[in-house]
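J.: This is what each chain is made of:
Protein chains: 2
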Amino acid sequence: MDDEPRSLLADKTPFPDDLDARLRAQFTFLVEVDRLKTVLRQSPLAAADRRENDAEHSWHLAMMVAVLAEHADEPVDVGHTVQLVLLHDLVEIYAGDTPLYDGAAGLDQEERGAAAADELFALLPADQTRRMRALWDEFEERRTPEARFAKAMDRLQPLLLNWMARGGTWRTPGVTADDVRARKALIGDASGPLWAAARRLIDEGEARGWSRSAAPGD
Amino acid sequence: MDDEPRSLLADKTPFPDDLDARLRAQFTFLVEVDRLKTVLRQSPLAAADRRENDAEHSWHLAMMVAVLAEHADEPVDVGHTVQLVLLHDLVEIYAGDTPLYDGAAGLDQEERGAAAADELFALLPADQTRRMRALWDEFEERRTPEARFAKAMDRLQPLLLNWMARGGTWRTPGVTADDVRARKALIGDASGPLWAAARRLIDEGEARGWSRSAAPGD
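Here the protein sequences come in this chain order: A and B. For the first sequence, full-length UniProt numbering begins at 1 and goes up steadily by one. For the second sequence, full-length UniProt numbering begins at 1 and goes up steadily by one.
Bound-form chain A, shown alone (with noise of 0.2 Å):
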């Protein structure tokens, strides 16, 4: 992180005086979160020859919370779910983002997300900013229904846009298709039944050469 303060989007055309301080600080982080949209991964839309960014990824994620939650294992608040899905990603507009096959730059993760969060989420009015603080490390930490359905999606979802795509980020160097299971189990903490999707996808992807078989030694 710099010392310097960081620039807002919003200093660039302030809102007038005038405006209410609690609606001023709410509409500030509004505008800062447009960020998100500029955040690019690594997933290739399927709809789109281009890569995917946040906002969009976020909001896809919300769309199978409303699809997909009668498949978890314990029931799950849909309404919950889908707030956590909208901004669990909100601190890489901060952090950037850091792709699923990259271990280095997972290394710090942790603490270069939680120093964003502290950073974004206090634009906010304090009682808000305790409020998403709490909302983003439930996500993390991954001790209820709902978050543990929320990290499910963000696995999910790019497999099948890597499925769409025929292989996607499968196709990084380096990665078989075993690594491609073992980031992708945590699915299986939140739905059998979308984790043996999801295994199916995996091993059909395999089978037609999407990604890697480990070589004897590897």
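Derived from the structure by calculation, the hints contain no laboratory data. In this text, all values refer to a predicted model and were calculated from it rather than measured experimentally. Ideal Cβ placement from N, Cα and C applies to all residues, glycine included. Some hints could be false.
[As the list claims (entries may be wrong)] Sample of chain A residues at the chain B side, in silico, Cβ under 8 Å:
hint, residue
1, 31
2, 35
3, 46
4, 49
5, 56
6, 160
Since the structure of chain A is provided, determine the placement of chain B on it from the hints.
T.: Leaving out everything else, chain B in the frame of chain A:
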């Protein structure tokens, strides 16, 4: 609408034949809605020099619901309101975006939207087709506090982006500040404080010349 059956994204890389039928229908829908990421709106992003797409827009509305729900004149269920905004633009996948200030295009918008909803939601298992359609109808009809608040967010979000762009679509030829006030008045059906703030931004934008004041005889 064409008479030819529309080809689906999922047809490009069909799921394995032995996938459970209900899951296959749900995955097919969830892949098809990837198209929302390619439907461009008129609004310019605050964070980058490009237009916004519908998936990003829908995500942004959901964040606004989570942060601004306290300003609703009638209490709203945040989780339910978030679900309304997440799917409110889905039908544009097949019906296209209708710019707010394009009066002619708005005429058959309702009819095209309903036909697109029928086609898109029919990809889901029948019980979910009905549920999604009910949510979409709820948003369109604005008879619940949640639907009115969702609609208010749909009007307020591009207003914030236009403010940041110092005009944005307010500069559309033929559009006056009074047109903007008229199109945004739905915000007032959901929240007095948010409508007051919106009017303040519209008034200030007009004073700064970011929108056109109605000339005598207009």
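J.: Tell me the hint numbers this structure goes against, listed in increasing order.
T.: 4
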